[in-house]
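Protein chains: 4
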Amino acid sequence: MGSWPPAYPLATPDEINRTVDQLWSGGASGLCVETGPTWALTSMTPAAHTLRPGAIISGPTVFGLADCALWYALFATVGIEPMALTSELSIRFVRPARGTTLFARADIHHAGRRSVIGSVRCWMDDPHGNGPDVAVAQGTYVRPTTS
Amino acid sequence: MGSWPPAYPLATPDEINRTVDQLWSGGASGLCVETGPTWALTSMTPAAHTLRPGAIISGPTVFGLADCALWYALFATVGIEPMALTSELSIRFVRPARGTTLFARADIHHAGRRSVIGSVRCWMDDPHGNGPDVAVAQGTYVRPTTS
Amino acid sequence: MGSWPPAYPLATPDEINRTVDQLWSGGASGLCVETGPTWALTSMTPAAHTLRPGAIISGPTVFGLADCALWYALFATVGIEPMALTSELSIRFVRPARGTTLFARADIHHAGRRSVIGSVRCWMDDPHGNGPDVAVAQGTYVRPTTS
Amino acid sequence: MGSWPPAYPLATPDEINRTVDQLWSGGASGLCVETGPTWALTSMTPAAHTLRPGAIISGPTVFGLADCALWYALFATVGIEPMALTSELSIRFVRPARGTTLFARADIHHAGRRSVIGSVRCWMDDPHGNGPDVAVAQGTYVRPTTS
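Note that the protein sequences, when read in sequence, are chains A, B, C and D.
Quick note on my numbering: the first sequence kicks off at 98 and runs consecutively.
Quick note on my numbering: the second sequence kicks off at 98 and runs consecutively.
Quick note on my numbering: the third sequence kicks off at 98 and runs consecutively.
Quick note on my numbering: the fourth sequence kicks off at 98 and runs consecutively.
Quick caveat, the hints were computed from the structure, so don't treat them as lab data.
Just so it is clear, CB atoms sit at the ideal spot from N, CA and C, and this is done for glycine as well.
Be aware that one or more of the hints could be misleading.
[Said to hold, decoys possible] Computed beta-carbon distance windows for the label pairs:
1. B:Thr109 / A:Asn227: 43 to 49 Å
2. A:Thr198 / C:Asp223: 35 to 41 Å
3. C:Pro229 / B:Thr109: 51 to 57 Å
4. B:Arg115 / D:Gly176: 45 to 51 Å
5. A:Asp118 / B:Thr242: 18 to 24 Å
6. A:Tyr105 / B:Arg195: 48 to 54 Å
7. B:Arg195 / C:Asp223: 44 to 50 Å
8. B:Asn227 / C:Glu131: 42 to 48 Å
9. B:Asp222 / A:His225: 34 to 40 Å
So here's chain A without its partners, still in its complex pose (with noise of 0.2 Å):
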């Protein structure tokens, strides 16, 4: 590790999308938008399944894009690490998710040689965060060990 903050995000959206997409047949849980030296904002577009009565997206879906968001701003803050795994993560859900665009950001609070933990905000529809939060979260991702 560097001095901390970053200067300068150690991934960029573009790096971060082509390396998760060559990873998972399945695609992702949300796409990259933008990353900052220790942040990243995710989004994704909803698949109908993924929707409760009433069109709101299920709880697990939204758990699934800030856990996305916290993997993604890890990449921006210490580099790409595929291998680093969810250890732990809580969340609360603030309000039902309803509308077109799920939002995630994500930002580090501390990135050490073990472990990286960040807190996690979600919303609807406004690419510029200023709508009300429909969850928010904070968890742990362990990273790979280099023995």
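Add chains B, C and D to chain A, keeping to what the hints say.
Okay, now just chains B, C and D, sitting in the frame of chain A:
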């Protein structure tokens, strides 16, 4: 609420599966296999698109079944309340979820007028739950207000 | 609730500190230093008995200040409600809490009729919050029911 | 790590209490009452300054005993490792903690080379654990690296 714990489950697997099928055209995350006075056992056979490289079930899919198990355990404990919503859930991923069938069992610790709290264990392939955990979770459902 | 975010904090540090002093003969975990429309900054100088070997502030003490910051941020956001109670809180410990003064800042994501959700950062010694985090947390307060 | 679960606890209450007394001049949060191969039972009689109005034990005090129970359960499961540190812990407060003696029992779900994961129940006054829960928690300890 009557006495705690209730003497018998307030919903059978059949009642739960039928209710959820009617509610969600897309189908529920998991099938209810068994219920007790304060718990439910669920299972799912993951669809191909939820698998990650190495045939590992994705984290959000495991989260989805854990969440589902808690919902069904709430039904078993207080009766079927489809409008009960996940308020918060924290999950720890213990080991890669590799195998054919994912199981989750939720146990309710507390069922109050406003919220229900429970813990969940997830494991692979053994209906008797003797396999090692792939994930554990704990969380809160909020019950619909009756005013 | 009026519009979000409120235009100004609904409680000052003085009002908060006075209220808490009157409520708790034992004293609160933390002193309110500053409030904004949806946030509060708190600090504490740990007592000797809360220190672990190596002069590290104990985890439960850090948890206590994080919890306190969230309570004060709720006061700043919806007005002083001493009967608001922590419903759940998850905390990640980032690095040893070594230093003289522990700070915690809580930001509210959502303030509803029944619950208030926020995130907290904890760090050492720098009132401006530029130090590295010693812990981060996220959680929910339940508001007293008015029926 | 040998086989799971271990056949007998790797630390007795006496060994645990003696170790913790030697480490912390300020005293530990809780007394170890009993250990099993993958669990520990702890208790504490709260000091007056930890009580809130209504003689309720404060949330951070309950958190402290839950954290302590998880530490002791780790000792019982993998042997005494004082340098194991709480990585993250999420707690749900179920009802006011009113009474004389607080108990917490932690059960380990997973003990790996790098981390140990467990769940905790907290209740009042009944050494046999039949009382209703005042709080439940779940979390992760990180083990000291041996390299």
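*If any of the earlier hints don't hold here, list their numbers in rising order.*
Those not satisfied are hints 5, 6, 8, 9.
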